[in-house]
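S.K.: Sequence:
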Amino acid sequence: MGQNWVETETAGCDLGDVRLNRRLGALLEALGERPGKSLPTAFQDWSNTKAAYRFFSNGSISEDKILEGHFAASALRIRATDGPVLILQDTTEFNFKRATPEKIGFTKVSTGRKLKEGRYQKHAICGLLMHASLAITPDGLPLGMTAAKFWSRSKFKGAAALKRKINPTRVPIEQKESMRWLDTCACPPNWQARRSAACMSATARATSTNSTACRGTRDQLPRSELRRPPGGGWRHDHRQSYGAGAVQRHP
Numbered sequence: 001m002g003q004n005w006v007e008t009e010t011a012g013c014d015l016g017d018v019r020l021n022r023r024l025g026a027l028l029e030a031l032g033e034r035p036g037k038s039l040p041t042a043f044q045d046w047s048n049t050k051a052a053y054r055f056f057s058n059g060s061i062s063e064d065k066i067l068e069g070h071f072a073a074s075a076l077r078i079r080a081t082d083g084p085v086l087i088l089q090d091t092t093e094f095n096f097k098r099a100t101p102e103k104i105g106f107t108k109v110s111t112g113r114k115l116k117e118g119r120y121q122k123h124a125i126c127g128l129l130m131h132a133s134l135a136i137t138p139d140g141l142p143l144g145m146t147a148a149k150f151w152s153r154s155k156f157k158g159a160a161a162l163k164r165k166i167n168p169t170r171v172p173i174e175q176k177e178s179m180r181w182l183d184t185c186a187c188p189p190n191w192q193a194r195r196s197a198a199c200m201s202a203t204a205r206a207t208s209t210n211s212t213a214c215r216g217t218r219d220q221l222p223r224s225e226l227r228r229p230p231g232g233g234w235r236h237d238h239r240q241s242y243g244a245g246a247v248q249r250h251p
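Under the UniProt record's numbering, the sequence shown has 165 at position 165, and the numbering climbs by one with no breaks.
Treat the hints with care, since some could be wrong.
Just the calculated beta-carbon pair ranges, DEER-fashion [stated by the list, open to error]:
hint: 1; residue 1: SER60; residue 2: LYS103; range: 13 to 23 Å
hint: 2; residue 1: THR100; residue 2: TRP46; range: 23 to 33 Å
hint: 3; residue 1: SER57; residue 2: ARG153; range: 37 to 47 Å
hint: 4; residue 1: ALA72; residue 2: ASP17; range: 11 to 21 Å
hint: 5; residue 1: GLY140; residue 2: ARG79; range: 13 to 23 Å
hint: 6; residue 1: GLU7; residue 2: LYS114; range: 44 to 54 Å
hint: 7; residue 1: ARG34; residue 2: MET130; range: 17 to 27 Å
Using 25 Å as the maximum straight-line C-alpha spacing, the simulated BS3-like pairs for lysine-lysine come out as follows [as the list claims (entries may be wrong)]:
hint: 8; residue 1: LYS103; residue 2: LYS50
hint: 9; residue 1: LYS149; residue 2: LYS37
hint: 10; residue 1: LYS114; residue 2: LYS103
hint: 11; residue 1: LYS97; residue 2: LYS37
hint: 12; residue 1: LYS65; residue 2: LYS50
hint: 13; residue 1: LYS149; residue 2: LYS97
hint: 14; residue 1: LYS65; residue 2: LYS37
Quick caveat, the hints were computed from the structure, so don't treat them as lab data. Fair warning: this is a prediction, and the values are worked out from it, not measured in the lab. All C-beta atoms, glycine included, are put in the ideal place defined by N, C-alpha and C.
All chains, full assembly: derive it from the sequences and hints.
M.R.: Okay, here's the thing in structure tokens:
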């Protein structure tokens with residue numbers, strides 16, 4: 001990888017200090033050359049490794065500020081693309097081994113043991129979650145991320161105990177994790193302003209809820225409606241719109 005891609009992805013990023021901007025570029029370049037490696041392995045010298053640790057421990061830097069430049073670069077690529085753009089959404093879990101997981105948060109993983117009702121038993125571990133939206137063309141060319149949301153959970157006693165305390169059907173969607181599908185849905189309106197074709201959000205079928213449908217302002221495709229042909233690329237068999245009007249016609 002050359003440095004040109006780093007400059008492109010950080011051009012719209014402002015961390016409030018030119019030195020921090022330069023450090024972010026150096027981080028991206030080093031980690032891009034050695035993806036999946038630890039910071040000491042990626043930098044291969046102690047001074048740059050310490051600078052990277054200081055960067056991540058800086059309280060004035062957030063994931064939103066780091067990703068700001070990439071989102072801006074994604075917007076430029078989307079505007080320059082002819083034809084429809086698919087926005088693929090999904091959630092990724094990051095798990096860690098920590099002596100004090102409370103500082104990061106919790107998520108849950110399957111133990112492999114199946115319960116009587118058919119579900120797999122899960123237990124809490126240290127981790128966080130990321131729900132991201134990735135823009136691609138129908139041919140499968142990635143254009144970049146359009147949104148990302150990070151969160152973690154407090155330690156819980158299990159779903160059954162939680163349901164005894166709180167009725168999930170009475171909780172507003174703003175207080176549920178399901179809100180992530182709305183927060184990261186498709187392209188921001190200002191990204192669409194200069195496009196002749198629509199952005200279509202491809203989501204899991206679980207997002208076809210009344211709240212999602214009523215608030216949706218752009219086309220949405222359940223992920224199961226997408227078909228990937230043998231030669232690559234994407235197509236959808238039945239274009240479905242889940243706008244507020246459709247919900248009103250089918251109460």
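S.K.: Is the gap between the beta carbons of GLU7 and LYS114 within 44 to 54 Å?
M.R.: Holds, since GLU7 and LYS114 (Cβ atoms, about 51 Å apart) stay within the stated range.
S.K.: 11 to 21 Å was suggested as the range; check whether the CB atoms of ALA72 and ASP17 agree with it.
M.R.: 19 Å, holds
S.K.: Is 17 to 27 Å respected by the C-beta to C-beta distance linking ARG34 and MET130?
M.R.: At 21 Å between Cβs, range holds.
S.K.: 13 to 23 Å was suggested as the range; check whether the CB atoms of GLY140 and ARG79 agree with it.
M.R.: 19 Å, holds
S.K.: What's the verdict on LYS114 and LYS103, does the C-alpha distance respect the 25 Å limit or exceed it?
M.R.: Not OK: LYS114 and LYS103 at ~31 Å, beyond 25 Å, violated.
S.K.: May I ask you to test the hint 13 to 23 Å on the CB atoms belonging to SER60 and LYS103?
M.R.: 19 Å, holds
S.K.: Verify the CB-CB distance for SER57 and ARG153 against the hinted window 37 to 47 Å.
M.R.: Hint violated: Cβ distance 23 Å, outside 37 to 47 Å.
S.K.: Hey, LYS149 versus LYS37, does the alpha-carbon distance stay inside 25 Å?
M.R.: 24 Å, holds
S.K.: Given the hint that LYS103 pairs with LYS50, test it: the Cα-Cα distance must not exceed 25 Å.
M.R.: Holds, because 21 Å separates the two Cα atoms, which is no more than 25 Å.
S.K.: Hey, LYS65 versus LYS50, does the alpha-carbon distance stay inside 25 Å?
M.R.: The hint holds at about 21 Å.
S.K.: Given the hint that LYS97 pairs with LYS37, test it: the Cα-Cα distance must not exceed 25 Å.
M.R.: 17 Å, holds
S.K.: Next pair to validate is LYS149 with LYS97; report whether the Cα-Cα distance is within 25 Å.
M.R.: The given pair, whose Cα atoms are some 22 Å apart, holds under the 25 Å limit.
Consistency with the previously given hints fails for numbers 3, 10, ordered from lowest to highest.
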